[in-house]
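Taken in sequence, the protein lines are chains A and B. Heads up, the first sequence stops at 246 in the working numbering, and the numbers go up one at a time, no gaps. Heads up, the second sequence stops at 246 in the working numbering, and the numbers go up one at a time, no gaps.
Please note that the accuracy of each hint is not assured.
[Stated by the list, open to error] Pairwise CB distance ranges (calculated):
no., chain 1, residue 1, chain 2, residue 2, range
1, A, P16, B, V76, 42 to 52 Å
2, A, T56, B, I109, 31 to 41 Å
3, A, E129, B, P16, 37 to 47 Å
4, A, A128, B, L236, 28 to 38 Å
[To be verified] Computed footprint of chain A on chain B, listed as stretches where at least three residues anywhere in the stretch have a Cβ under 8 Å from a Cβ of chain A:
no., stretch
5, 112 to 122
6, 191 to 197
7, 210 to 218
8, 222 to 229
9, 234 to 241
It is worth saying that the hints were derived from the structure and are not from the lab. Backbone N, C-alpha and C fix where the C-beta goes; we use that ideal spot for every residue, glycine too.
2 protein chains.
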Amino acid sequence: MPGRPAITLDRSSPIPLYFQVAEQFEEAILSGTIAPGDRIDNEVDLARDLGLSRPTMRQAIQTLVDKGMLVRKRGVGTQVVHGKVRRSVELTSLYDDLTRAGQEPRTEILHLRRSPADEETAQELQVAEGAEVWSLERLRFVGDEPLALMCNYLPIGLVDLDGADLEHDGLYATLRRSGILIRVARQRIGCRRATTAEATRLGERRGSPLLTMQRTAYDDAGQAVEFGRHAYRPELYSFDLTLVER
Amino acid sequence: MPGRPAITLDRSSPIPLYFQVAEQFEEAILSGTIAPGDRIDNEVDLARDLGLSRPTMRQAIQTLVDKGMLVRKRGVGTQVVHGKVRRSVELTSLYDDLTRAGQEPRTEILHLRRSPADEETAQELQVAEGAEVWSLERLRFVGDEPLALMCNYLPIGLVDLDGADLEHDGLYATLRRSGILIRVARQRIGCRRATTAEATRLGERRGSPLLTMQRTAYDDAGQAVEFGRHAYRPELYSFDLTLVER
DNA sequence: GAGTGGTCTAGACCACATT
DNA sequence: ATGTGGTCTAGACCACTCC
Chain A
1 MPGRPAITLD RSSPIPLYFQ VAEQFEEAIL SGTIAPGDRI DNEVDLARDL
51 GLSRPTMRQA IQTLVDKGML VRKRGVGTQV VHGKVRRSVE LTSLYDDLTR
101 AGQEPRTEIL HLRRSPADEE TAQELQVAEG AEVWSLERLR FVGDEPLALM
151 CNYLPIGLVD LDGADLEHDG LYATLRRSGI LIRVARQRIG CRRATTAEAT
201 RLGERRGSPL LTMQRTAYDD AGQAVEFGRH AYRPELYSFD LTLVER
Chain B
1 MPGRPAITLD RSSPIPLYFQ VAEQFEEAIL SGTIAPGDRI DNEVDLARDL
51 GLSRPTMRQA IQTLVDKGML VRKRGVGTQV VHGKVRRSVE LTSLYDDLTR
101 AGQEPRTEIL HLRRSPADEE TAQELQVAEG AEVWSLERLR FVGDEPLALM
151 CNYLPIGLVD LDGADLEHDG LYATLRRSGI LIRVARQRIG CRRATTAEAT
201 RLGERRGSPL LTMQRTAYDD AGQAVEFGRH AYRPELYSFD LTLVER
């Protein structure tokens with residue numbers, strides 16, 4: 001019963017040392033090599049044995065504390081949290097989520113065009129009201145089931161959108177390929193009844209509850225690059241979060 | 001137009017230096033002294049001028065990056081993000097949320113008793129199925145409007161619950177006063193139709209959409225201390241999140 | 001008192017973006 | 001070439017918990 005997994009470091013790798021350590025601890029936790037509730041060795045010993053400085057070792061542990069996998073307590077030690085470790089909400093699109101889950105997502109582009117921004121969109125994207133923006137509407141399926149109806153708006157000039165790319169790769173992957181990196185996003189999660197149009201698209205009845213999410217995403221430079229309104233079928237989708245006291 | 005706010009350090013204070021710096025930057029950002037999009041001075045200069053080491057200065061900036069208020073870009077600099085800075089989902093109860101928002105929350109205890117844990121509760125709290133746990137049901141109001149119906153379950157022996165405390169202070173404050181600190185929580189947000197009982201309590205119609213949240217909270221020691229199922233009226237409540245690419 | 005995590009220093013070298 | 005953030009070292013002292 002080890003207070004640590006077997007850890008190998010590659011000092012010639014471009015991957016930061018703290019990240020290599022964190023990765024191997026994470027794997028050991030997820031695989032059960034270190035069980036929930038187990039205490040891991042103290043920072044000083046770990047650093048010494050791995051030939052690292054203590055700040056570097058601390059940084060490795062901190063990344064897992066931030067993920068909610070480890071809990072530190074001063075004067076006591078560091079241990080693996082109890083309970084299932086679920087994936088938390090991350091800065092990815094639903095498309096990524098589903099792909100990673102091994103399911104088969106499919107996207108149908110309902111339209112892709114330029115149109116004048118409504119008041120809310122203009123404010124979120126920091127453009128003038130009525131200014132032209134990309135307007136994208138998509139319907140996402142898992143298998144044959146419609147899962148989500150997604151309306152997204154992007155400033156013109158930032159990127160050239162292509163229907164084929166979007167069907168195949170999802171919006172965020174398309175942005176990444178254009179060199180746009182999302183760094184911060186703000187989301188609001190709520191719920192409401194489906195409109196007739198939404199119900200038709202999603203194969204629900206009019207007035208059925210839908211889980212809704214509004215998101216504004218910002219790039220490297222702090223500029224808004226995307227605003228979206230999404231509606232999910234609540235039987236098929238929910239949001240998982242891990243919150244950590246800092 | 002400063003690349004930094006006026007910062008004063010108190011080295012005799014028990015408050016960490018990096019936190020003092022972060023606090024004053026945050027205030028400058030929220031008050032508009034540093035505008036969205038403004039670049040702040042580089043880490044090295046800031047550290048030198050404040051008489052801090054660079055790692056300490058970095059730690060200060062990092063806490064604001066984690067909050068989604070600053071964006072760092074290698075080779076370029078650090079700037080304030082655009083857009084409104086909303087409060088993100090934090091490790092607090094709804095009661096805290098409402099109090100801070102200056103509204104007047106009121107809580108009605110529907111029941112507080114010991115009862116056998118159902119399957120899901122037992123699993124989340126890591127007790128045997130059918131074992132006795134605290135069972136707490138509350139109805140929360142803002143003004144005269146019912147806002148949320150909350151069912152919570154806690155292991156027995158951890159804390160003695162008192163109805164008066166709960167009405168007045170909320171569950172999390174009561175736990176804090178008992179020396180229990182929540183460190184990690186896992187939440188699942190979804191939505192569904194109200195049952196007849198829920199609709200009656202919340203002043204909605206049967207079948208109305210409700211925003212739901214399940215949460216399991218863990219303490220210092222990684223032990224589950226609380227499992228709850230909450231239902232919110234979607235016209236009155238939503239979840240705001242800020243996601244940051246790490 | 002012993003052991004643990006929390007904070008802090010004063011540097012160093014590297015990777016990346018811009019000019 | 002210059003300036004920026006990203007990583008890392010080898011220590012130091014303190015605060016807290018537990019025995």
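* To do: May I ask which of the numbered hints given earlier this structure violates, with the numbers listed in increasing order?
  => Of the numbered hints, 1, 2, 5 do not hold.
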